[in-house]
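Novice: Sequence:
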Amino acid sequence: MCTKIVMNPKDKADISEPNKGKVMTQKEYDEMLKEKMKEMRERFQNERQKSGGSGGMHIRIGG
Numbered sequence: 007m008c009t010k011i012v013m014n015p016k017d018k019a020d021i022s023e024p025n026k027g028k029v030m031t032q033k034e035y036d037e038m039l040k041e042k043m044k045e046m047r048e049r050f051q052n053e054r055q056k057s058g059g060s061g062g063m064h065i066r067i068g069g
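Just so you know, the sequence shown maps onto residues 7 to 69 in this note's numbering.
One or more of the hints may lead you astray.
[As the list claims (entries may be wrong)] The list that follows gives simulated cross-link-like pairs (lysine-lysine, DSS-like), each with its CA atoms no further than 25 angstroms apart:
| id | residue 1 | residue 2 |
| --- | --- | --- |
| 1 | Lys33 | Lys16 |
| 2 | Lys56 | Lys33 |
| 3 | Lys44 | Lys28 |
| 4 | Lys28 | Lys16 |
| 5 | Lys16 | Lys26 |
| 6 | Lys26 | Lys42 |
| 7 | Lys28 | Lys40 |
| 8 | Lys10 | Lys28 |
[What the hints assert, rightly or not] Computed beta-carbon distance windows for the label pairs:
| id | residue 1 | residue 2 | range |
| --- | --- | --- | --- |
| 9 | Glu34 | Met13 | 39 to 47 angstroms |
| 10 | Glu34 | Met63 | 46 to 54 angstroms |
| 11 | Glu41 | Arg66 | 28 to 36 angstroms |
| 12 | Gln55 | Ile21 | 39 to 47 angstroms |
| 13 | Lys16 | Gln55 | 53 to 61 angstroms |
| 14 | Val29 | Arg49 | 26 to 34 angstroms |
| 15 | Glu45 | Asn25 | 20 to 28 angstroms |
| 16 | Lys33 | Ile11 | 37 to 45 angstroms |
Keep in mind that the hints were calculated from the coordinates and are not lab data. We treat Cβ as the ideally placed atom computed from N, Cα and C, and that holds for glycine.
Build out the structure end to end from the sequences listed, making use of the hints.
Specialist: Structure follows, in structure tokens:
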């Protein structure tokens, strides 16, 4: 919930360049992304199996 918006603040916010992380090539990034997506799919599949669900998703709106 927003209570106040200041469009032109007198004190400017400092935004600094990140100094953590790893520099990688596009190819390295694509490989890492593919691996993380695989891990996420396996994790969600395991959670569905534990809960005994049918593998589907149910969304109920309004009752």
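Novice: Evaluate each hint against the coordinates.
Specialist: Tested hints:
no. : hint                                 : result
1   : Lys33 with Lys16                     : violated (43 angstroms)
2   : Lys56 with Lys33                     : violated (35 angstroms)
3   : Lys44 with Lys28                     : holds (21 angstroms)
4   : Lys28 with Lys16                     : violated (35 angstroms)
5   : Lys16 with Lys26                     : violated (30 angstroms)
6   : Lys26 with Lys42                     : holds (20 angstroms)
7   : Lys28 with Lys40                     : holds (17 angstroms)
8   : Lys10 with Lys28                     : violated (37 angstroms)
9   : Glu34 with Met13: 39 to 47 angstroms : holds (41 angstroms)
10  : Glu34 with Met63: 46 to 54 angstroms : violated (33 angstroms)
11  : Glu41 with Arg66: 28 to 36 angstroms : holds (34 angstroms)
12  : Gln55 with Ile21: 39 to 47 angstroms : holds (44 angstroms)
13  : Lys16 with Gln55: 53 to 61 angstroms : holds (56 angstroms)
14  : Val29 with Arg49: 26 to 34 angstroms : holds (28 angstroms)
15  : Glu45 with Asn25: 20 to 28 angstroms : holds (27 angstroms)
16  : Lys33 with Ile11: 37 to 45 angstroms : holds (42 angstroms)
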